[in-house]
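Undergrad: Protein chains in written order, with this note's numbering: chain V, 1 to 295; chain R, 1001 to 1316.
I should point out that these hints are in silico values taken from the structure, not numbers from a laboratory. Mixed in with the good hints there might be a few duds.
[Unchecked claim] Calculated lysine to aspartate or glutamate pairs in the DMTMM-like style (CA-CA distance at most 25 Å, straight line):
| # | chain 1 | residue 1 | chain 2 | residue 2 |
| --- | --- | --- | --- | --- |
| 1 | V | K120 | V | D186 |
| 2 | R | K1031 | V | D186 |
| 3 | R | K1031 | V | D185 |
| 4 | V | K118 | V | D240 |
| 5 | R | K1031 | V | E181 |
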Amino acid sequence: MTTTTDDLTIRASSEALLKAPTPPKRRNTAQFIRWVLLFGGGILMVMPLAYMISTSMKWPWEVYEIGLIPEEPTLENYTYVLADGRFFGWFINSTVIAAITTISALFFDSLVGYTLCKFKFRGRYIVFIAILSTLMIPTEMLVIPWYMMSQSLGWLDTYWGIMFPGLMTAFGVFLMKQFFETVPDDFLEAARIDGLNEFQIWWQVAMPMVRPALAALAIFIFLGNWTAFLWPLIVTTSPDLYTLPVGLSSFGDEADVAWELIMTGAAISTLPTLVFFLIFQRFIIRGVVMAGLKG
Amino acid sequence: MARNPSSDAPNSATATAEPAPAFGGLTITQKRTIWAWAFLAIPVLFYVVIRFYPTANAMVLSFQEWNLLGERTWAGLDNYQVLFSDPVFWQVFRNTFMYLLLGTPISLVLAFIVAYHLDQVRFMHGTIRALYFVPFMTSAVAMAWVWRWFYQDVPIGLFNNALATIGIPQIDFLDSTTNALPSILAPAIWAGLGFQIIIFMAGLRAIPRSFYEAAKIDGVSTWTVLWEITLPLLRPTIVFVVVLSSIGFLRIFDHVFNMTTANPGGPLNATKPLVLMIYQTAFDSFDMGYAAAQTVVLFVILLVVSLIQLRLLKDR
């Protein structure tokens, strides 16, 4: 087999996956059966998504047909759902909120991770343990006080109200601290001698060296915020401010469900992440591995 | 940027600092300490105000009575007493552990089997891996709608339509007290499987090849290799996956809320997990103290389950 994108993906996917040796040669039939079962399982895994997309392209009279391929595929449902305006607004809300929280969390998580890794000062161990200990606290325990806080500060039903809990993440601090360990102190010392101040050393010297970790963390945080449900559900009341998951969920109260339109809505809130995945597949897989092995 | 001549001179890297205009005679260590706290100032404030204070607040609130409008009045252990004598709570408690006790082993075994075999497949490896991973990238709410549609009665639902064509009577998926919980669990397992597969594959690849080569020379069977080499060496990965997936199933909410919308947690509370009970107590009934007590119980359950698992799986 020549070099395919699959091979490239494997090679780039992670340090651990890199070490993959050529598997031992086996009896071909056993290997073939194994491959067919694995591939079949994979197809089963994506069937719900395939049905979602196929139904979103069906006309109402064809929705209850089992066939996967629409007889007369149409984008009418998409035009209808997007022209309605609500979905478009929710899409914008989700994107803006996920983008801002991702930027903020990346900035602060790596700043704190760097500080706790590269500065020796009294109290740094306490700060690290304190931040890490927040990982033990379930969000569900915090939403009630957050709601009370938002209510008294007028943050209910605002962008800020949806975003504020996610501006920093303890997991990100931990991950970034681990990765800054791999940056040699000599580089930082050299930059110090060159006259850069501590902020510049972090931003211009250390940050570029942990780019893969930043990319992985960015994907996690963005995806987490894009699909977040509980807190946005609690903090928003006006439909204009709903995020995509909350908006999609709000159709649950309607008695009559137009399944082809619901599937279109589901597709609109899923397709961007799928496209994103197809483009950045190797980063995402590597990110999962990194987070998994380091976490 | 202005160069600071005295502190930038190469020989001043020793801790004996010369007086510098900007920081007035501080040592390099002291300056770096100031920088460190400057970097940490906003984050420390954030963690105190957005994480620690609310945690303490929730704990205090769990001993109080409050409906969001009136005064917060002291109630002692009342909330906990009411909770532990509430039959709905025990139903919810059972449900929560059903999600955990069914979900974690099933997803663990499935993920391991797929990862183990996928590890040895070369042809289209990346594509197959992507097929398994893609559901992890979806939003639980969107997928809840897809699966809800699958579970509908004939002529709407896909599953019942498929069953009908082969002559099997229709199955009541979401409206039956026995079927609803597994029906909701299935998409939750489906969505998380890809993540666990990737973690297992990384764990498998991290096992040194020399162990396998030695076993091959000794002529050991595949099963023995699996039980004696692969699984024991994979223990850290297994611990990680078990803890993470348990926490996930104990905190299940999105799937349940969105698949039983007309009657969240129904039918007859048969699918209601603890987080949904918390949500309803706080934001439907506005019984904030009672809800806070439930969150404290959730916190304790998560803590105990994680500690037990780390203990059992690590020191053996």
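Undergrad: Each hint: holds or not?
TA: Verification of the hints:
1. V:K120 x V:D186: holds, 15 Å
2. R:K1031 x V:D186: holds, 19 Å
3. R:K1031 x V:D185: holds, 17 Å
4. V:K118 x V:D240: The hint is violated at about 44 Å.
5. R:K1031 x V:E181: With a Cα-Cα distance of about 22 Å, the restraint between K1031 of chain R and E181 of chain V holds, given a limit of 25 Å.
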